[in-house]
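All chains, please: the whole structure from these sequences, using the hints.
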Amino acid sequence: MIEVIKPGLETAVQDWPGRIGFWNQGFPPSGPMDSWSFRLGNVLVGNAPGAAGLECQYLGPTLRFVDAAVIALTGADMGAKLDGVAVPLWESVAVAAGQVLALGPAKSGTRGYIAIAGGIATEPWLGSRSTFHQAGVGGIGGSALKVGHEIPIGPGNGTAGRRVKPEARPVFSTDKRWSVEVCAGPNDDWIDAAGQQRFLSADWKLSSKSNRTGFRLEGPDWTFAEKAYDKPPEHGSLPSNIIDHGYPLGAINLAGQTPIILVNDGPSMGGFINPYTVPQAAFWKLGQSRPGDIYNFRQVSVERAQAMAREMKALCTQASIL
Amino acid sequence: MATEVRTQTAGNMWKVLVKPGDTVAEGQVLFIMEVMKMEVAHEAPVAGVVSAVHVAEGAEGLDAEDLVVEIG
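Line by line, the protein sequences give chains A and B.
In terms of my numbering, the first sequence has 9 at position 9, counting the first letter as 1, and numbering is strictly consecutive.
Just remember that my numbering sits 322 ahead of the position in the second sequence, which is counted from 1.
Calculated lysine to aspartate or glutamate pairs in the DMTMM-like style (CA-CA distance at most 20 Å, straight line):
#, chain 1, residue 1, chain 2, residue 2
1, A, K176, A, D77
2, A, K209, B, E382
3, A, K107, B, D388
4, A, K6, B, E387
5, A, K176, B, D385
Which chain A residues stay away from chain B? Per the calculated CB distances, all over 12 Å, these:
#, residue
6, W23
7, G26
8, A48
9, L126
10, K227
Rather than coming from a laboratory, the hints here were simulated on the basis of the structure.
C-beta atoms are modelled at their ideal positions from N, C-alpha and C, and glycine is treated no differently.
Here it is, written out as structure tokens:
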């Protein structure tokens, strides 16, 4: 069991791939935004890659380990200390009963992950332990961690001193710029040729009005194809309005002139067009970026996006461990 | 020796509530950052007079541990 002394900014239990199979009823998958780092942490401590762990956002928590454990920290560097001693990232570490793990602000990247051998053993909801706090489900009491929460841990079989091969780790931007893959569609044909070209060549700045529901972008205005204007009135008056339809996860949803990438806790439907979609294998870049960072979007085929997901899955295995 | 108040997180500066010369009480909110659509208030750790403010309201792309306010 782990006791929460300080919760951090919005630290929550997540598992991977999250709450799958209920999108048609409005439930997003949730789960870790950087599932690459998350899965590697689990592999380090001998868990299945998707076992439940903690996602720490911007400012990490302080936790007291009531029982001994083997843990691994991956993702953002939050300057973690165990009883005051620095803890390495990307390495499994033994924690004695009673020790306190303190994380601070993210120094590189944005989201840090804590994997614990045995995994977090909260009660699953609709098949997942992932926290979806907007609906108050999953995790501990359906919320981010709070002071005094007690986190149950399953029986584990972890070994300290295992490390992730450097070449298997994600490399975070150090210049506040990220090249992010997108697939065209489903509604790219509502954007004119100049607008498509502009989207793929412009700098898009991440707004601080971004969270696990949506990543809001600031950039040039969009221009539209004729079909965005020549449509029945039930679509709505703006060129970006369309009859309510389902949204893909990762959709770049265009609300008026404001693009918002719909991410792990995003909505499943609505009445705006989605000209492009960020594939799941690129979500780690979103999860590790921060307000003011610049995205440049690079178009890839659906086949390439699927291959990226397979390549990432292959990296999140014992083959990546030293 | 001035007391430094630094950002607790990366993010944008939503509001700066003090200026040099202001007298502040311990626990008074000095500035509020915005990240994940949440307000992150930063309070004065000590009472005193603000000697410097290094970040303007609306500043974007701040890192954690950036120096914002000095209380002399």
